[in-house]
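Participant: Chain by chain, the residues run as shown.
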Amino acid sequence: GQQLNQSPQSMFIQEGEDVSMNCTSSSIFNTWLWYKQEPGEGPVLLIALYKAGELTSNGRLTAQFGITRKDSFLNISASIPSDVGIYFCAGQLLTGGGNKLTFGTGTQLKVEL
Amino acid sequence: DGGITQSPKYLFRKEGQNVTLSCEQNLNHDAMYWYRQDPGQGLRLIYYSQIVNDFQKGDIAEGYSVSREKKESFPLTVTSAQKNPTAFYLCASKSSGTGGTEAFFGQGTRLTVV
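As given, the protein sequences belong to chains A and B, one line each in that order. Its first residue numbered 1, the first sequence is counted upward by one per residue in this note's numbering. Its first residue numbered 1, the second sequence is counted upward by one per residue in this note's numbering.
In case anyone wonders, no lab produced these hints; they're calculated from the structure. There could be a bad hint or two in this list.
[Claimed, not checked] According to the in silico footprint, chain B covers these stretches of chain A (three or more CB under 8 Å from chain B): (1) 28–40; (2) 43–55; (3) 84–94; (4) 101–112.
Please read all numbers here as calculations on a predicted model, not as lab measurements. Even for Gly, the Cβ is constructed at its ideal location relative to N, Cα and C.
Bound-form chain A, shown alone:
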C-alpha cells in the first residue's frame, strides 16, 4: 500500500527553536491531516486541511496544504519539551482511495532543554 514520504525522519532540536517537517506524494490528495503521537498512546489530531493553498494554525502549530495538492508541511514555532513525540501526516486521495487515509512514516521530534 502507498505511504506518504515524510521528512525528516527524526529531529533533535533545542528548546525555543522553530521546527519544520513535510510530506510529499506522487498522488493528489483532497485532504491533509497532521497528528501527534506520544509514546504508548494513539495519535491525536492537530490540524486538518481541506483546500489547496490553505494555511491553518493551531496555537504554535501552522500547517499548509500544498498548491499542487501533492504535499503539506507542518511548522512548530518556539518548541517546548512537551512537543516531543512522533508527528504523522495523513491524506485522503482525490481518486481511488475510497474512504481510507494514507499515512506518512512519521517524524520523531526530540527537544533538548
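The hints should help you fit chain B onto chain A, whose structure is shown.
Facilitator: Chain B alone, transformed into the frame defined by chain A:
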C-alpha cells in the same frame, strides 16, 4: 464523553493462540479501521469497514480477521496464522459523510507474544 475506546491496553498471548482486541466508538461514525504500528514503519492498514456487516482487507490482512455486527464495535482477532503478531494496534473511526475525513484514534493495544 464521545470517543473511541480500545481494550485491553496491554495483552500477552502465547504462541499458537488466537486473541481478540476490542474497539468501541460512540461517535456515530460509519467507518472504522485497524492499523498496526511497528517501530519505524508508521501505520499500516489491516482491515477497514465502511458500514455495518461489511469490511475490506487493508494492506496487511493476512493472519487477522474482523467482524462488524454493530456500528459501534469493530473487534480484531489476531490468529495463530499471523507470523509476527507482537506490535502496537490502533483502532480509528471517522464519518463517511461530506467533510468527514478526520479520523479519531483509540489509545491502542500493545500485544506481546510470549
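Participant: Take the hints in turn and mark each one as holding or not.
Facilitator: Going down the list of hints, with the structure as the test:
1. 28–40: Since three or more residues must qualify, the claim that chain B covers the stretch 28–40 of chain A holds, with 5 doing so at under 8 Å.
2. 43–55: holds (count 5)
3. 84–94: holds (count 3)
4. 101–112: holds (count 5)
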